[in-house]
Each structure stands twice: as C-alpha cells, then as structure tokens.
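Turn these sequences into a full structure, and let the hints steer you where they fit.
Chains A and B, in that order, give the protein sequences. First residue of the first sequence? That's 1 in full-length UniProt numbering, and the numbers climb one at a time after it. First residue of the second sequence? That's 1 in full-length UniProt numbering, and the numbers climb one at a time after it.
These are computed hints drawn from the structure, not numbers from a lab. There's no promise every hint is true.
Dumping the calculated DSS-like pairs for lysine-lysine here, alpha-carbon to alpha-carbon at most 25 Å [said to hold, decoys possible]:
1. K377/A - K377/B
2. K63/A - K63/B
3. K377/A - K446/A
4. K63/A - K220/B
2 protein chains.
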Amino acid sequence: MTDVQDLDKPDEIATLIRDIREIMARNRLVEGLVVRSDEPNHALVERIVHKQNLTRLAQKLEKLHPADIAMILEALPHEDRLAIWELVRSDHDGDVLLEVSDSVRASLLATMDREELLNAANSLEADELADLAPDLPEYVMQDVFTALPLEEREQLKFALSYAEDTVGALMDFDLVTLRADVRIEVILRYLRRMEDLPDHTDKLFVVDRIGQFQGVLFLKTLLLSDPEQEVAQVMAREVVRFHPEDKARETADAFERYDLISAPVIDEQNRLIGRVTVDAVVDFIREASDEERLAQVGLREEEDIFAPILRSVKNRAPWLAINLVTAMIASRVIGLFDGAIEQLVALAALMPIVAGMGGNVGNQTITMIVRELAFRKLDNDDIRLLYSKELRVALINGLVWGGVLAVITLLLYHEPALSIVMMSAVSLNFLAAAFFGVTIPVVRMKLGRDPALGSSVLITAITDSGGFFIFLGLATMFLLK
Amino acid sequence: MTDVQDLDKPDEIATLIRDIREIMARNRLVEGLVVRSDEPNHALVERIVHKQNLTRLAQKLEKLHPADIAMILEALPHEDRLAIWELVRSDHDGDVLLEVSDSVRASLLATMDREELLNAANSLEADELADLAPDLPEYVMQDVFTALPLEEREQLKFALSYAEDTVGALMDFDLVTLRADVRIEVILRYLRRMEDLPDHTDKLFVVDRIGQFQGVLFLKTLLLSDPEQEVAQVMAREVVRFHPEDKARETADAFERYDLISAPVIDEQNRLIGRVTVDAVVDFIREASDEERLAQVGLREEEDIFAPILRSVKNRAPWLAINLVTAMIASRVIGLFDGAIEQLVALAALMPIVAGMGGNVGNQTITMIVRELAFRKLDNDDIRLLYSKELRVALINGLVWGGVLAVITLLLYHEPALSIVMMSAVSLNFLAAAFFGVTIPVVRMKLGRDPALGSSVLITAITDSGGFFIFLGLATMFLLK
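Here it is in structure tokens:
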C-alpha cells in the first residue's frame, strides 16, 4: 500500500455507493426481462447497457484505495456486496479483506474458493496474514504456510503466538537495519539502490553483528547529517522500545504521549525482532473504543445493518438474559413489600425515582473511576481518597436532590412523613451507589480484569434492587401501622 | 520536542510518583518540626535532608519528557502538584501545559505570574498557543500577541478563528516547502544546511511561485531517487489534502483509512497554508472518545480525583436534573394507574421489568445505529432497511423474552391473563424501543447534530414511561373490573 492516492472525499464514495445500488437494482430488473419474449430487442439492449455499466464500475473500483473499496462493500446489502466483490481486482483482495469489519469479512471469505483464498493470502505479509488467520479455513492456512519462505514462516508463527491485545500482534517485520560503523554516505548510496522503503519508515534500526538493538537513525538525521560521519556519531540510542508481550493498550499510550511514528520491538536478549507503527496503533485505538462501546450494551460483535435477523437476535440475547435476571431480583424485592404498597399505593409511583436516580449516580462514579484507571494504576492512598470523595459528593447530592424530591412528594401527596422517607431513601441509595461505584471497578482492577466491562450492568442492578429495598423498607418501618 | 527520550516505562513513573508523595509528606512533617524547640538540631538535619531530596527530585524531573511530567502532575494531590510544578524547569512549562488535562491546566495556570505565563507562552508555536489560548488570561494573550513576529501572529489569528472540531484547529504551520523545478541533489544540499526538520516530517511540500500546492515529495523518495532528477519527476501529485473548515472527525477517518503521517491543508485558492500530522489526529481521537464517554453519563468535564467536592457536585448536576424530570414523568404515569395497582399489587412488582428490559433493547438499537452513522451517512434506503430490521429483531426478542417472562409470571402469580398482559406489554415496549432507537439518532443526524449525545437518556425515558403506560394500561383494560 502507498500513502499516495486520489483525493477520495467521503462524499464521492457516497455517490459511488448510490450509483452501485442503482446499477445493481437495474441488473435485477434486466434479469427479470428474460421472460418477456415479446420484446427480445428491448431486453437485449438493456443487457448491453447493463454490461457497459458494470465494466465502467469495475474500472472505477480498480482505481480506488483498498480502504475505500472496503468502505463501499460495508455499505452494500449482502447480494450487491458479493457482486461487487466479484468485480474487485483479485490482487487487491488481501488488502481489502484486512480493511473490512469482521462480519463483512466472513461473508466475503465464504464466497471465495481455495485458489482465490490462496491468492489473496499470498499477497499479504506475515503480520497481515496473522490478522486474517482466524477467519481463514484451516486448509488454506496450511497451504499458505508451506508456500511461505522460511523467514516469513517463522514470522507468521511468531505473530500468531501472541494474543490480540499485545505488541506481538500489533508489530510488523518491515525493518531496514544497518550497522553503527558505516558512514552516512554509504547508507545514502545503499538506499538509492533500493526499490522502496517500508511504509511509515521514519527511522532505520541500528543493530550489531548478532542482531542486538543499538539505536535508531532517523531519516531526518540521515538527510541533515554530514555524509562523512559514521552512523554511531549521529544515531539516537535512547529510544522508546517495546517487548512483544507488552500490552497493546500501554503501547498506544506511549505512542500518544511521545508522538511516535514507529518504535522497535526487542526480545529479552535485546535482539531487534520487529517494529510497531502508528497506523497499527491508530487502528488498535479505534477498534478498542468501538469494542468498548458495544460491550457497554452487552454486544459481542458488530452487526452490519444487512446482517440476518437471527444473528442479531442471538448477538443481543446475553445482555437481555442478564437483565432478565437482575430485573426479576428487583421485582422479587418489590414483591416482599406488597403489603406496604397495598396500604400506600403512592410508594409504587415513587420507588422507580429512587432506583433510577441511584443508577445515575452509580454510573457517573464508575465512569470517573474507569477513566482514572485507564490513565494510571491507583494505589491505596488514591483509593481511600476516591471513596472519601465519592461518598461526600453522593451525600451532598443525596441531600440536595432528595430535598427537591421531598418537596415534590409533599406537594403531590401532602404527607410529610412520606417526604422524609423519600429524602432518606434517595440519600442512602446515592451513598450505596457511590460505594459500589468505587468498589466494582477497583476490585476488577485488583483481580486484573478490565474495570469497565459489565460494571454498568452490575451497578444498575445494585441501585435498582437496593433502591427498592431501602425505600420500601423505610416506608414499612416509619409509615405503616 | 523530539522523538527520542529515555525508556520511561509507566512503572518507573509510578515509582517516581510514590517517591514524590513520600518526600512531600515528609516535607509537611518537617515544617511541623519548627515548633518543637527542644530538639532544634533534629529539625535542622531533617530540613537539610529534605532540601537534598527536593534537589535530587528536581534533577530527575528535568530529564523527563514533558508528557511524563504532565502525567506525574495529574497523579498528585493539589498541594503536592503545585509544589512539583514549582520545581519543573521553566523552559518546559509550555510543553507540560499542553499535555495536562483541562482541569489540571487551570490549577497550574492559576499559580503562575504574568512573567512566567509569558515565558511559557513564548516557548510555544502558533498552533500550540492557539490550544492554550482559551485558558490564558486576556492580558497575557495580548502581550504574547504583540511580541510575536508578524507571520506567527497571522498564524495564531488563523488557528484561533477555527472551531475545536475542525482541521483549522488541528493543523500546524511547520512546513518545509520547495519548488518543482529543482533537482533532488539541490534539495539534499539545502536540507544538510538546516538545523532540524519539523517533527512528523514524512514529506516535503511542493508549491509554485504564488504558494499554490502542487504535490509532495516523500522523504523516502528523496532518499531513493537519482539526485540528478528534478522534483517534478518524482513528486506525488495526487495526495489526500484537507481544507481548514473540514471536520476533524472526517480527517481522523481519512488518516486511519489511508494510514497517513502528515497531510497538506489548502485554502479555496489551492494555496498551501499548513499541515495536519498524525500525532494531532491521535490526540483528537483519544479526546473525542473520552468526551463521548463522559457525555454518556452527562458529565461536561473530566474531574481529577483531587478536584474539590463542590465542583464535582456541580459537574454531575445536569444529568441528575434531567433524570429527576424523566423519573417524575414516569412516576406520574404510574400515578395514573394507582387504582389498578391497589386492586392488583403484582403489577407494581412486574412493571419495572417491562420498563427496564425495554430500555436495554432501545440502548442496543441506538448503539448499533450510532456506530453505523459514525462510519458513513445513511441514505433513505438504509434508514428504511434499519427500521425494518430493528423492528423485526425487536418483535422476535419481544415474543421470546416476553414468553419467558409470561411463564415466570404464571409460576409466581398463577394468573394466565396477567401472563398474557406481561408478554404483550414486553413485546409492545420492545417495538417502541426499536422504533425510537432508530428515530432518535436518525433525526439528530438529519438536524446535523451529534447522533449519540443524550440519545441514551432520551430512549430510557421513553421506554420507562412507555413501558409503565403500556403495561398498566393493558392491565387496566384486560385484568380489572
């Protein structure tokens, strides 16, 4: 892939997508024309026009960047998508497959035969193949594997051995290495004999005879230095470096903090084994925040809008199942107090306010803490401070908003005792929300889990059932005979 | 700033933060020692040790990258933070201020006098100054402005004139430009006479005599080409370019899609005015996703854990106020049916299930659609498809989960009619959730607003009040006499 391409503004792609849909709709119409044998010429003309349209379309697609082709495929209904996929030049296949989302990738791969899959796979580099590997049929991967040169085979094995959220899965092997005792002038001549440099090359890597990492030579240093100098005189020795088992998330933080374009990856023996580039980091950041957003509403995978209904139903089931359980618990809590509600039906109308606002407080606390945890590890001092701060904020909020609700309750029901119960229940539920809002993510962090995942569902369950219990319990104690 | 720095792993920074806290705690202890005049020598020794500690600390901090200093400042309580801020070398001030979060920045700026502020501001470039400008006192900005050379003054004016979410606010002015009719060899000699190239220079920009953008010369092309060739022969003419009024979000998408490191910004007359670099884009992506996360729970600004309680209370108030209103509406809906609840108290226990699960369905739908909208504009065909898909998914889910709930209701209350009401209410509320789950973000998009913002609050309000109304309404119609 190259950094250079046509100026493809999103609007132009949108236009192209509309065109494709029209042509495809017409296509289906033309296919329908066969039956009308009374007007054979008409059908024939239509078919020729259609063929021409398709050819023109194929020419347009050929000129597009793989990422744009991917974007177009994403925006098309299943049937049109496969038709366009047929039109795409086969030497682009691999790159396009890398760019599309998981669900679209699966639908595209399903239409490809063994040879097409092999061709697509062979056009990719080891680190790209590793990204695609989980979606490829076993037999294709075997074929690809045996067809690879030894070095790339090792690289592929290496990349596959690391989990998705590590540097090992993020890195590539496109290294330009050189020795420290060479003159700049020699490097310049050496480069001029090369066809191309890997994308995102802002630095060359300096290693010794046994492959140990010694430093980097920035391209800009190469350009600015006196050609008679040796690499050792101008190279940078203290650079941010990573290990393949480092967390991708922390690597992304480092890229952001230090404004990196590329960084070396070394093993425990300080041997240079690869590099991470900023484009892989940007993709990682985007995907991580996308996954997080889906996980918040219990969705495991993205659905494109053309996905089959039943897959969507399945995708959305786990969260609904969890919610069914938590809602049933809350319902049984209310059931405990049916005598109280029968005596004072106002309780039924007021109880969702206590529960709902408690949920808000809990979610605000959790969001703050997850944000703080994403930024740095919290020590015990910090955690103590957090409890103290969140509980105090909750208490003030409880008294303020509970007070407002007490006044509204008084205006609606003219029962001062009910007002006081309302205010007390809101305050207590806010305190519970703040307490668990700190506890849940902190405990998850201490257990080494993602502090965000499922926290919102859990806190809402607690503030719902807890809110009902506190409110109806206080009402039973103080309002009923 | 440079790409080269010490290998500062997060762990080392965490250790440093702990050390600082200890030293500062000891500091407060030492200050407390004055009063104990019976042991003056002890106090003196302690003070000397403390001074030494501070000096050593200052030396350590001096060697750190501004981003790391920022990270340390963020992690310290207010008092310690200001003490460390005093220690930081003043020529780093500007860079550190750029890196810290808004709330910490405000607390740091508040301690700086006019001269310090001016020094910090003068160390920055026009585009960086523009980022800092909203937080600086008016009189400092005036001084800075008059002190700037004419060119930079124009750049600052320019950068300030664009909204935060546009390319104009993202771009910088660090351009290396050249003419198309020059030989590569001349460029190489020209560069060798330069002190440094701007960070993130992966390409030089080719302009004509009147500043019109003609193309780019990649550093790698410069290195790989025959020095006798002219720039015109090897430059890339078709590159992704932006306009200052383009949305930052779309620019970030383009950087991600085309794996860019830097890109030219041109005006309507095709004149080159600046460039966008990938580090600014990464910062933008991070900040945008951070803001989105906070906005989801109605928070306007980040709070650090050391923020004053009352500021937190204020920051969290708007969402709680909105929730108070929506909860009151839901409560009044329930109030409409108090007769029904009095007759059949089981309704009070079951109604939160209908409301809560409807809210889940609505939030899942909204998340899917906001995701789709972030990715591309939806046309009317897409929207029709979305309604059809989401309503069908909701209907199936309603029948499935409503069916499960009907069975549970039957087991608990032994009333078949109540079971049927439960199932119908769940299905209807799911359909309402899906309908508004599509409608809310789509309408917001059509109005040109952010489709995500506040969508979740709105859909939950609808499914709560709607769920109560549907369930209690059906119960009144079919169950009660």
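Each hint, compared with the structure:
1. K377/A - K377/B: violated, 39 Å
2. K63/A - K63/B: violated, 49 Å
3. K377/A - K446/A: At roughly 10 Å apart (the allowed maximum being 25 Å), K446/A and K377/A satisfy the hint.
4. K63/A - K220/B: holds, 23 Å
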